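A.B. asks: The primary structure of each chain is shown beneath.
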Amino acid sequence: MTTPPGYRVVIGLETHVQLKTASKMFCRTSAAYASAPPNTLVCPVCLGMPGVLPVINAAAVDLTILTGLALHSEIPPHAKFDRKNYAYPDLMKWYQISQYDLPLCVGGWLEIDAKGETRRIRITRVHLEEDTAKLTHVVGDDGQPASLIDVNRSGVPLMEIVTEPDITSAEEAMAYGLKLRNILRWLGVSTANMQDGALRIDANVSVWPIGAEVGDTKVEVKNMNSFRALGQALDFEVERQTALLERGERLEQETRGWDERAARTVSQRTKEYAHDYRYFPEPDLPPLEITRERVQRLAEQMPELPDAFRQRLTGELGVASADADELIEDRDLAVYTIDVIERHAGPAAEVVTWVLQDVRRLLNARELESDDMPISAASMAQLLALRAKGELSSTMAGTVLEEMFDSGKSLEEVVAARGRQISDTDALADIAREVMAANPQAVADYHAGKDRAVQFLMGQVMRRTRGQANPGKVTELLRVELDRDRGE
Amino acid sequence: MIDREQVVHVAALARLALSEAEIDRMQADLQQILQAFEALNALDVSDVSPTAQVIPLATVERPDATEAPLSRDDVMRNAPRVERDQIRVPAVLPED
Chain A
1 MTTPPGYRVV IGLETHVQLK TASKMFCRTS AAYASAPPNT LVCPVCLGMP GVLPVINAAA
61 VDLTILTGLA LHSEIPPHAK FDRKNYAYPD LMKWYQISQY DLPLCVGGWL EIDAKGETRR
121 IRITRVHLEE DTAKLTHVVG DDGQPASLID VNRSGVPLME IVTEPDITSA EEAMAYGLKL
181 RNILRWLGVS TANMQDGALR IDANVSVWPI GAEVGDTKVE VKNMNSFRAL GQALDFEVER
241 QTALLERGER LEQETRGWDE RAARTVSQRT KEYAHDYRYF PEPDLPPLEI TRERVQRLAE
301 QMPELPDAFR QRLTGELGVA SADADELIED RDLAVYTIDV IERHAGPAAE VVTWVLQDVR
361 RLLNARELES DDMPISAASM AQLLALRAKG ELSSTMAGTV LEEMFDSGKS LEEVVAARGR
421 QISDTDALAD IAREVMAANP QAVADYHAGK DRAVQFLMGQ VMRRTRGQAN PGKVTELLRV
481 ELDRDRGE
Chain B
1 MIDREQVVHV AALARLALSE AEIDRMQADL QQILQAFEAL NALDVSDVSP TAQVIPLATV
61 ERPDATEAPL SRDDVMRNAP RVERDQIRVP AVLPED
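Just so you know, the protein sequences line up as chains A and B, in that order.
For the first sequence, my numbering gives the first residue as 1, with consecutive numbering after it.
For the second sequence, my numbering gives the first residue as 1, with consecutive numbering after it.
Just so you know, not all the hints are guaranteed correct.
Said to hold, decoys possible - Coverage of chain B stretches by chain A, computed from C-beta distances (three or more under 8 Å per stretch; other residues unrestricted): (1) 17-24; (2) 41-48; (3) 53-65; (4) 69-77.
To be verified - Cβ-Cβ distance ranges computed for the label pairs, FRET-style: (5) P80/B x G211/A: 54 to 62 Å; (6) Q301/A x A28/B: 37 to 45 Å; (7) I210/A x E22/B: 24 to 32 Å; (8) R15/B x H137/A: 18 to 26 Å; (9) E342/A x N78/B: 52 to 60 Å; (10) N78/B x H72/A: 19 to 27 Å; (11) E342/A x V92/B: 53 to 61 Å; (12) E111/A x D29/B: 50 to 58 Å; (13) T353/A x N78/B: 34 to 42 Å; (14) A212/A x D85/B: 49 to 57 Å.
For the record, the hints were derived by calculation from the structure and aren't laboratory data.
Since we're looking at a predicted model, the values are computed, not measured.
Each residue gets a CB set at the ideal place from its N, CA and C atoms; glycine is no exception.
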């Protein structure tokens, strides 16, 4: 959707990212809560018992700084944690340990492509906090409304990335979100899956009449659990606010949740004082001094980022833009593909198409993640070389791939058992003549002008050779033999 | 000066139900406490750098290693009510 005429749209995004650490933010309990039964990953610290002492997870700090570096943030030498106080049962302690005025990363930017032009979205800050417990609102055993608390998620490291209000449409918000997700995946700091809640994007949206001074009234939109939902929610919100202003009404500062089924945002009644958090420095955690050596060490660990990788693919390697975009969404698959490309003598595009189609289809069918790839890049390159040399037809290569996938056998073993493509002219001509002798009716049909008879004979040759005959060559030879037959 | 309205506000944030008499007493107590701290304003701190901590420690971190959690029975020991292996509380509004 485009900006309504006469108005300007101002959007800022707050993205929460669960970090990929083994343990929680302030205790040694496992952070792998996704597959754990309720309340089985809980210790006195994340349960908020009195008298416990939180201790900062160094890896979570590192991953946050690494993210800040990738977003061109400044990493100040002094950082600290603060208490954000609010009374809600998703917090065991009734406060969340977060960062208020001295976050780990300050400033920065992320470039997005919007309608063919590059736009720079400024980053305000990146800070570190702890995730909350999960509440489920139910009708209880006694028929009364109740809320159930699963504490497993409480204390999982959560990084928050805040942008300046530089985004002007739902499309730009989605472009920002997708780009950020890819970067997070390439950095390896998070799974960044929206469906699992590892990536949660909230938006502050304001529509203003052009010419009017932009005020500070904004509507916070939450609960989008896919990029599609993000786009739909923001489009809806822009339309809603525009209609409100058209009627001469005022925007109200509020939080609205995206209702997927109703396809609309719904006002969430929040307590009057919900935003009075009374931050104060966390007395249980000494401040962080971030040494320049630490920042340097992390900068040296910076992997290649998706933008640079994409450029490499579409530039010197000549891969189509759409294929490159598809590939960078899956870092493990992308890195694997480059590995194969570097070992492959033919064009890179050949490898990319093969990976995106044949290989990924198998991964999906076998429900494997890309980092569970059962075939080494070296074997994959050899398989593609056999296909390029014509020793395997495309169909045969697909069959070999599948067998290697499922049996774990080496390329040599599978090819030795199945045989290579027969391209030898004399051998194939012999077989063609045998097949013709055995099928006089098809030969007669061909001579009577029924071209389809060639297909039938071709099928017979394939049958005799267990699919190993080079199909192009067989067609050619059959026509030569059939035409010579007619001439006699 | 702390006024009555501020006391009521802070009490609401802390989910404290105060009687009228308690509000009066809190107002007086808080006033006294704030006055005591006002004494700090008399000090010249222009060459003292700000601090958030009085303990002479910084950057206390731990490696990212895991330890066994509590048993679920222990986790639930203080729960007012347990349902479906979770802590049951009176229904609350979804909030941020």
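A.B. asks: All the hints need checking, so say for each whether the structure fits it.
C.D. replies: Status of each hint after checking the structure:
no.	hint	in the structure
1	17-24	violated (count 0)
2	41-48	violated (count 0)
3	53-65	holds (count 11)
4	69-77	holds (count 5)
5	P80/B x G211/A: 54 to 62 Å	56 Å, holds
6	Q301/A x A28/B: 37 to 45 Å	57 Å, violated
7	I210/A x E22/B: 24 to 32 Å	53 Å, violated
8	R15/B x H137/A: 18 to 26 Å	19 Å, holds
9	E342/A x N78/B: 52 to 60 Å	58 Å, holds
10	N78/B x H72/A: 19 to 27 Å	46 Å, violated
11	E342/A x V92/B: 53 to 61 Å	56 Å, holds
12	E111/A x D29/B: 50 to 58 Å	55 Å, holds
13	T353/A x N78/B: 34 to 42 Å	59 Å, violated
14	A212/A x D85/B: 49 to 57 Å	53 Å, holds
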